[in-house]
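Residue numbers (mature numbering (1 follows the signal peptide of the UniProt record, and there is no 0)): -16 to -1, 1 to 494.
Note that these hints are calculated values from the structure, not bench results. A hint or two may mislead.
Unchecked claim - Computed beta-carbon distance windows for the label pairs:
1. 194 / 285: 34 to 40 Å
2. 353 / 468: 32 to 38 Å
3. 130 / 285: 51 to 57 Å
4. 279 / 455: 18 to 24 Å
A virtual CB, placed ideally from N, CA and C, is assigned to each residue, including glycine.
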Amino acid sequence: MKLLLSLLPLLTLVSAEQLRFATSANQPIHSFSTFDRVLNHQSNARLADLKGQADEFVTLEHRDFPSHSVRIKETTGWCDPDVSSFTGYLDVGNQKNLFFYFFESRHKPETDPLVMWINGGPGCSSSMGMFMELGPCSVVDQGHGNLTTKPNPHSWNNKANVFFLDEPIGVGFSYAEHGQIVGRAEQAAIDVQAFISIFIETFKEFQDRPLHLSGESYGGRYLPVFAAAIYDGNKALIKVGSKPINLKSILIGNGLTDTYSMVRGYYQHSCTNLSGVGPILNVFQCQAMAAAIPRCEKMLKDECLDRADPLGCGNAMSFCAEVVSGPFFSAERNPYDISKSCTIDELSEFLCYPETQKIAKYLDQPWVRQKIGANPDLGKFQSCSPAVGSAFHAAGDITGKTWYYVASLLEHDIDVLIYVGKLDWICNFLGNAIWTNNLEWSGQEAYAAQETRDWHIDDQVAGQVKSLSSEDGRGGLTYMTINGAGHMVPTDKPKEASQMFNNWLEKKSM
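Work the whole structure out from these sequences, hints included.
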């Protein structure tokens, strides 16, 4: 799922417990069968040409990415029996390997847009988003340990060709031969940009399609950086005579884009009724938290934002964890949906969601691993990787000034959707409202002047929306909330999430 394994170390308690949830580390040995054939950017290939390639991988290569190649195989009939589907790896040299799933659209695969989905963490597998939220199928237990899948009628591939990427290296079925992992979003962006470029350049039917990058949680940090890498990479593609990637927008669900803004949201979520659930904490706890918030914010600004001092920032986050997250977790509420209870043991065992265990067991079945071509030497499937989370923490990636990327993308005519379930505490709607309202860009004043209004599903209020449309080469910014949803909007409100997604792709008003 796109659960924050760590607001590291701001949410120290969450980190420690979730790390304990993880199973053994992956230490694979590359032992795949030989590749059947090789395609490159000059091939007149189509995805349909891969039909019948269920047992062997086809390798895709590109002149502009000599260190990268993509292995892909057909998995049609699995998960979504009504569409063509594929799985594979992006290989970086002979060392690093990123896993992906791809599902064609149920509507018009030959013309519908291309959408990427990633989970957060940092270090959580997109398999969680695929099976728990917006993918073509979910895992069901038929009894006696017999796990299978059933179709998801609200899947986002109803109107789009969707791929789910396990990134960065070390997440889900992605792995490195010798355990190499990255610790910053900017490093991970290099491989993501290469994968998308190779895929689109090889299968030219996607060259002119709109591309939308979507995700949640730590995706609020990932996606703006990945989009920037793709946008800037277009210059190099044009220079060598290749078509640029038609990047149109990013969609961030319950994202962590600005840690600093989220702190005040934690207080408001815990000590007011702005979410519709609460207050959660008692009067004395709220008084103590309110008194400590200004010091916490000042320390974060001074040490993490202005000085970018690792030691000082670590101390600031430790202090904030004590005064902000400590009281909340003592109340034993689900940090991803404050309307529900969740004990520390439940948080540590299955992240408050037993479905994560069921998905892991399903993906550990040998026949599933063989069907999707996952490396057979990988250990037990991990929903979230503690090693990746620790690497990003050590690098200080969580304090990256990601809003600068968002502002620049808007200036370069890339639309941005920020959607937030109102019951989420960990990446809450209040903190996301703060940074979007304070974002410095050429449309700031016009965005501030827009009214916040209700949006509806079946004549029922589904949430609130504030939006500034794109114009004159400038992208549009939309912020919207979803009532009754927590961290995983498509899980809690699948119909509303699907309608929101389809309207966004079609540029319809919410």
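Going through the hints against the structure:
no.: 1; hint: 194 / 285: 34 to 40 Å; in the structure: holds, 38 Å
no.: 2; hint: 353 / 468: 32 to 38 Å; in the structure: holds, 36 Å
no.: 3; hint: 130 / 285: 51 to 57 Å; in the structure: holds, 54 Å
no.: 4; hint: 279 / 455: 18 to 24 Å; in the structure: violated, 42 Å
Consistency with the previously given hints fails for number 4 only.
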